[in-house]
Structures are given as structure tokens and as C-alpha cells.
Amino acid sequence: STSVHYSRLFARNGYFTKTAKRIKGRRQRVVLGYQLSALVYGALATATGMVAILQKSPVAGSYSVGPLLASTHALILAGAAKNNRLSSDTYKRMNVSLSLYGFA
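When the letters of the sequence shown are read in order and numbered with my numbering, they come out as residues 875 to 978.
Honestly, I wouldn't trust all of these hints.
[Unchecked claim] With a straight-line Cα cutoff of 25 angstroms, these simulated DSS-like cross-link-like pairs (lysine-lysine) come out:
{"hint": "1", "residue 1": "K956", "residue 2": "K892"}
{"hint": "2", "residue 1": "K898", "residue 2": "K966"}
{"hint": "3", "residue 1": "K956", "residue 2": "K895"}
Note that these hints are calculated values from the structure, not bench results.
Construct all of the structure, not just a fragment, from the sequences and the given hints.
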């Protein structure tokens with residue numbers, strides 16, 4: 875069939891291999907970005923929690939919940955990026971919520 879012919883032609887010219895490498899590189903950068911976000915939000919949650927402990931204020935401890943949730947969202951999105959599931963509606967919503975939290 876002609877589709878097999880074209881795919882063999884493109885594969886010989888290296889089109890599919892170059893595209894696959896670009897996609898793999900982009901996916902690695904996205905995963906790294908989510909992991910870095912999780913690390914930063916986790917450090918912020920830890921620092922905020924430590925300040926709350928030092929101040930002996932239970933109300934101040936509630937401020938560490940937001941960065942902790944953002945950190946878990948980023949870790950979940952990193953796993954979704956590794957497994958090529960970011961196109962799902964659930965992960966799109968999580969990405970929007972993480973972006974809104976970052977802007978707020």
C-alpha cells in the first residue's frame with residue numbers, strides 16, 4: 875500500500891527518527907521542569923512549616939498547605955509527562971490549577 879511506501883521513505887530519510895528525538899528531548903525537559911517545580915514548592919512548604927514550628931503558631935502552619943499541594947500536583951504531572959498522558963483532560967485541569975497557583 876502507499877502508506878507503507880511513504881513511511882519507509884520517511885524512515886529512510888531520517889524524518890521519523892529526528893522527530894522522535896525532538897519529542898523525546900521535549901518530554902525530558904517538561905519532566906525536568908515539573909520535577910524542579912515540585913522541589914521548589916516542597917522546599918517552600920518545608921520552610922514555611924519550620925517557621926510555623928519556631929513561632930509556635932498553629933495558624934502559620936496552615937500556610938504550608940498550599941505549596942505542599944502544588945508540590946504534589948507537580949510530581950503527579952511529572953509522572954504523567956513521563957507516561958505521555960498530559961493530553962488527558964484530568965492532567966490539563968491539573969496543569970491549569972498549578973499555573974493559577976503559581977500566578978496567584
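Checked hints:
{"no.": "1", "hint": "K956 <-> K892", "in the structure": "holds (19 angstroms)"}
{"no.": "2", "hint": "K898 <-> K966", "in the structure": "holds (20 angstroms)"}
{"no.": "3", "hint": "K956 <-> K895", "in the structure": "holds (15 angstroms)"}
Comparing the model with each earlier hint shows no violations; every hint is respected.
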